[in-house]
Structures are given as C-alpha cells and as structure tokens.
Amino acid sequence: MYRYDEFDHRFVMERTKEFAGQVTRRLSGELSEEQFRPLRLMNGVYLQLHAYMLRIAIPYGTLSSRQLRKLADIARRYDRDYGHFTTRQNLQFNWIKLADMPAILAELAEVEMHAIQTSGNCIRNVTADHFAGAAADEIADPRPWAEIIRQWSSLHPEFSFLPRKFKVAVTGAAKDRAAIQVHDIGLELKRNDKGENGFAVWVGGGQGRTPMIAKKLTDFLPESDILAYCDAILRVYNLEGRRDNKYKARIKILVHEMGEEEMRAAVEKEFAAIRGKTLTVPAPEIARINAYFAPPAYQLCDPATPVFVAAQAADSQFRMFAERNVTPHKQPGYGVLTISLKPVGGPPGDATSSQMDRIADLAERYGHDEIRVSHEQNLVLPHVRLDDLPAIHASLIEGGLATANAGLITDIIACPGLDYCTLANARSIPVAQRISERFADIARQRDIGDLKLKISGCINACGHHHVGHIGILGVDRKGEEFYQITLGGSGDETCAIGEIAGRGFSSDEIVGAVETVVDTYLKLRQTPQEDFLAAYRRLGSAPFQEALYVA
Amino acid sequence: MAKPARNFEAVVASANALASGAVVYRTAEGSWSPHFKDALIARSKSEAEALLAAADGDVKATLIVELALIEVALEEGVAPRPRSLRERIRAEGPTVPIPQDPQPVIRT
Ligand code: SF4
Chain A
-15 MYRYDEFDHR
-5 FVMERTKEFA
5 GQVTRRLSGE
15 LSEEQFRPLR
25 LMNGVYLQLH
35 AYMLRIAIPY
45 GTLSSRQLRK
55 LADIARRYDR
65 DYGHFTTRQN
75 LQFNWIKLAD
85 MPAILAELAE
95 VEMHAIQTSG
105 NCIRNVTADH
115 FAGAAADEIA
125 DPRPWAEIIR
135 QWSSLHPEFS
145 FLPRKFKVAV
155 TGAAKDRAAI
165 QVHDIGLELK
175 RNDKGENGFA
185 VWVGGGQGRT
195 PMIAKKLTDF
205 LPESDILAYC
215 DAILRVYNLE
225 GRRDNKYKAR
235 IKILVHEMGE
245 EEMRAAVEKE
255 FAAIRGKTLT
265 VPAPEIARIN
275 AYFAPPAYQL
285 CDPATPVFVA
295 AQAADSQFRM
305 FAERNVTPHK
315 QPGYGVLTIS
325 LKPVGGPPGD
335 ATSSQMDRIA
345 DLAERYGHDE
355 IRVSHEQNLV
365 LPHVRLDDLP
375 AIHASLIEGG
385 LATANAGLIT
395 DIIACPGLDY
405 CTLANARSIP
415 VAQRISERFA
425 DIARQRDIGD
435 LKLKISGCIN
445 ACGHHHVGHI
455 GILGVDRKGE
465 EFYQITLGGS
475 GDETCAIGEI
485 AGRGFSSDEI
495 VGAVETVVDT
505 YLKLRQTPQE
515 DFLAAYRRLG
525 SAPFQEALYV
535 A
Chain B
14 MAKPARNFEA
24 VVASANALAS
34 GAVVYRTAEG
44 SWSPHFKDAL
54 IARSKSEAEA
64 LLAAADGDVK
74 ATLIVELALI
84 EVALEEGVAP
94 RPRSLRERIR
104 AEGPTVPIPQ
114 DPQPVIRT
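Keeping their order, the protein sequence lines are chains A and B. When we follow the working numbering, the leftmost residue of the first sequence carries the number -15, and every step to the right adds one. When we follow the working numbering, the leftmost residue of the second sequence carries the number 14, and every step to the right adds one.
I should point out that these hints are in silico values taken from the structure, not numbers from a laboratory. Treat the hints loosely; a few may be bogus.
No farther apart than 27 Å at their CA atoms in a straight line, the calculated lysine-lysine pairs in the DSSO-like style are these [said to hold, decoys possible]:
id : chain 1 : residue 1 : chain 2 : residue 2
1  : B       : LYS73     : A       : LYS462
2  : A       : LYS81     : B       : LYS73
3  : B       : LYS50     : B       : LYS73
4  : A       : LYS1      : B       : LYS73
Only chain A is shown next, with the shape it has when bound in the complex (with noise of 0.2 Å):
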C-alpha cells in the first residue's frame, strides 16, 4: 500500500491545524456561515438534514486494516456507531459535531487519512476499479497510476478553483468496474502489441442532470504523458469552461458542445505544449509508486484448494456465497472477496463499527491487511486464499455480513436521499429496502441473475440511477414522493444511460413497478443465461413499457 512521504505528512497536518483553527474562528463568532461555509466544503464539512456530515477520501478505495479500525473507532466515538460507504468509494459520518470535527481530523492524519477534495470545485478522491491489482482479467494494477493522479491533482494551485467538480476514475482491466466512461476524465491502461503500458483517455461523461457518455480522446497515450495530457484537458477546461451556470459548468457540457472534434484538438494542443517537459513522469518515479503496489506475498497454498472444494459440497450455504461473492484471482488458489453491505432490509453501503473492526480482523488475518470500497457499496477483501474462505465466511455470518448477492437484483446503489440529504426530493433508502424485501428470497434473485439496480434521490445521481440496468430517482410531485424508472443504463465498457419507461411511480407503487419489470424480463428472456440487460437490449423499451403502463 501507499504510505504517505514527507509531503503529505506535511500538507495534512498543515491542513488540519489551519482548518481547527477555522473551526475555533466559526464557533468563537469572528467568522460568519457566509466566511466559513466554503472553508468546511474544502475539507469535506457538508451540513445535512440532521447534522454536520464528514466526507473522508479514500483514495482509489484502498484501506489498511488500521485504517478502517481507525474509521469503526470514530463511529464508535463521534458518531452513531456506523458509517456509510459512498459510490465515490469514500466514507461519510452523518452525525458528527462540529465542534469534534478538528480532533477528528486529527486522528485521521495519524492514519494517513485525510478529507481534503471530497467536496467542491477541483479534482476530488480518484476512483479506481475496486479489484484492482487482484482480478485475473487485469491487464496492469490501476492504481499507481491513481496515486500518482492524486499526488499530482492535490492541493494543484491552477485546479482548486474550476468551474465545477471534477472526477477521474481509472481501470486496469478491459471489463470496467470503476464506470469510467461517465467520470469527467476515464483512463483504461491498457498493453500494446510491443508490451508498452499506455492509456485509453475519456472526457465528458457524467451523471447528474444531464447524463452523457464519455468520449474517447485517444486509443492509446503512453503512460508516462499521462499527467500532460490530463493536465492539458484541465487547461482547456479551466479557460473554456462555464462558469455562468452552474448546471452547464461541467466538462461534459463543453465537450458536448464543442464537439469531440474540437476538443481532441484542443487538448492535443495544449499537450503538445507542455509534452515532454516537467511533466512526463519518470520512469524511476513509475517504478517508486508502483513499488508500493506490489503484489501481496502470497501463501503456499494446494491449487485443488480441497478445502474450499469440501466446504461447497457440504454446505448449500456456503456454494451460494461462494458462487456470488468470490471472483477470480491472479494467484492459483487465490480469490478477491465481495463483502456485502446490502442485507435485506438494510440500509445500502453502511457498516457499523463492530463491523469494520470484524472486517479489519479478518483482513489482517487472512486478506494481507488490505480491504477496498467498491463504488457499488460493498467492501472487498482483495487477496484470500480460497481454502481460508470457509473461514471467513463463518465470521461473516456472526457479523451479519455474509449475505451472498453480489451482483443480484438486492445489491443495490442507494444514496442517502430525503432521509439524511438536503438536496433530495424523495427518499432512496426505504425503497431499497422495500425492494430487497420484496425479492428476499435467494432461490428467486439467483434465478433473475445479474441486474444492477440504483437508486437516487434526486437528480445530482449519487445513486448512479441513469447506469442502473434498472434505476430508480425520486422526484417531487407536489410534495408527495414520486419515482421515475429508467431500463437499459450500463455503467460498464458497453456504457449507457438509461431510458425513462414513462410517467412516475407513487412510493406505493414503485416496489410492483419494478417487479413488472422483472417479471416481464422473465418471461421474455431467451435463456436463464440471457441476463436482464442483454435481454432488455434485444427487446427494446416496449414490451416493458407495455407492462408497466398498458396491461
């Protein structure tokens, strides 16, 4: 893993007393909401419906298992005992003081933690595929060079001041799990046929208000110009950009409107400006960060793995968890584990702290001390030999955690919504819970197969609704909860945003509209190996919408 150098000691700590400091102005009077409300925002201080709510990054979604012992034991401190894993891969608090925020900060810096650029107007927390440096499909680990992104995109003088957010995401792997293709900037590394690492760049996707699909600028740019060509994207954007409205401020609207054309051409202008010169990265400094990301050393272990093997054929139980929750690894004998935050009935993407601590143990004693946040709300244990997995998923089951549905139509996106968030319409965890009650039965969501459900609460998407296979946004009408059904969207390498089925749903409505839609899936599939996109893609909209609104 990453450990912080002398910089980042340094740019933290310097952070965290400047930003106690403003605390103590804010809550001694000399500063005013107006004066203070932009400090909080740059060190991920939002007031929600409730209380103050803390953003903390976690870069590219890697954790120690200090790390999150050190995020269950603020929980357990200065919150209510848990916290919620975002689709930015990052945690939020929902109850925490202000006047606690400082020595907060404080403990998170002693853990290389930090919350600066979770919030406002520059490049926030850099996303990366969840199984990165594990997954068997992955062509090189992504996230050196997300480290050397974030290393680059913090605290930058020119760029903590753009028209709007912008995010990055990065995959190593030619399936996509990190959605890159709706990120202001989506990198895809990738080997050409003479072995040299290099990236396929994307600019101009995004969800919110107007969804849009990324454009790909370039097929392959050789990894060491990465941080030109990105910063000469930012240039453009930083001079072009709007910034006269705040719903049109983003890249993807520039990129729309200039056209793929011009802004290729632009970039490639300003890259060919700044190529080659200080900001060509090194191939030592390559070397240097991915030194840090260096394979786990990995145990000896019999690839029959008869443990494993053994566990499956005796428990049911097991097979199923097994079958869902463990991908394929690099290493023979090796898994990359999905831990599920969505039981039935429960909140999306929070754990609480006897929780983490449960996972942090179970990291450091079987998983190399490492544990990701996938945007999708889940924790994963990257590296677990699979004769261990019996194990652990013993412990999982004591923690309420061993719910095996990854990928099923109850591992669901939900964001905050009416119940915690400010700026929601209508509320998007009881419909998530509605919805996993309603399809609680294993039998039936493994005979759905993969669908990739989500949920917001308003139109900012936290929710990722518009790549949902089905998604779900709440909307206001005339003060009663109204839901919107979208089909179709995709967040993967075959990205799309979906397509309104038609009027909104009532809140009591909404939990049959989808299972309309499921049932209509299955009646009409080919095969049971046909899944839910394929199938929508092959039919279109109208048979579903002929069910929801027809029949």
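Model the placement of chain B with the ligand on the given structure of chain A, informed by the hints.
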C-alpha cells in the same frame, strides 16, 4: 391572540445548532429545543415576522445556522406536525432505522 389570516400557513422557526449541527426549534421562551413539540407556533404574518426577527439574533450570536420558518399542519385533535416530508424527517429523524449489529447467531 391574532386571528389567523386567510391563506396564512402557521410556521415555526427552525435551525441547526452551530456547534453540534442538531436540528432545533425556537421556543416561546426564546431558547432552542431539539423537540418540535416545544416550538412556538406563529399563527399570523405578524407573529411570523416577529418570530423570525427574534430568532435571527441567534444567527448573529453564532448559536445557530440555516434559520428558516417552516410550515406546520394544524389539524383538530392531532398534534401539530411539519407540513412537508422533509421537515417531518428533520423533526423526527430518518425514517429508516439506524444500523445495528445483528443479534448473535446461534449455530447448530
Ligand atoms: S442524489 Fe441527490 S438526494 Fe441522493 S445523495 Fe445525491 S444530492 Fe442527495
């Protein structure tokens, strides 16, 4: 007490406490309570204006932030409640349970 003007919605003054962020309501005594039931209800435009002006002093005194008047539903025989769902959630807390650890599993 002034007669309620037609079309006037009864309101209370609400805010977040500066130091804790907690939701609070202005009481008849001029203090702030975490309980909606303690809120002073303004039933006319002039009462509402007076309530807001008094409460605003505490914004300046850096006790509270995000001060707003919120509409209250007054119905015969039922306790007053905020009219909008958003304000009911602020008053009563999230409509979903706070996550808790599972009960210990008894293994067979
Ligand atoms: S989508 Fe809207 S309601 Fe949900 S968290 Fe984002 S801003 Fe809040």
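Here is what the structure says about each hint:
1. For the suggested pair LYS73/B and LYS462/A, the alpha carbons sit about 34 Å apart, so the restraint of at most 27 Å is broken.
2. As the CA atoms of LYS81/A and LYS73/B are separated by approximately 20 Å, the hinted pair is consistent with the 27 Å bound.
3. Under the criterion of a C-alpha separation no larger than 27 Å, the hint pairing LYS50/B with LYS73/B is consistent with the structure, at around 25 Å.
4. For the suggested pair LYS1/A and LYS73/B, the alpha carbons sit about 26 Å apart, so the restraint of at most 27 Å is met.
In this structure, only the earlier hint numbered 1 is contradicted, and the remaining ones agree with it.
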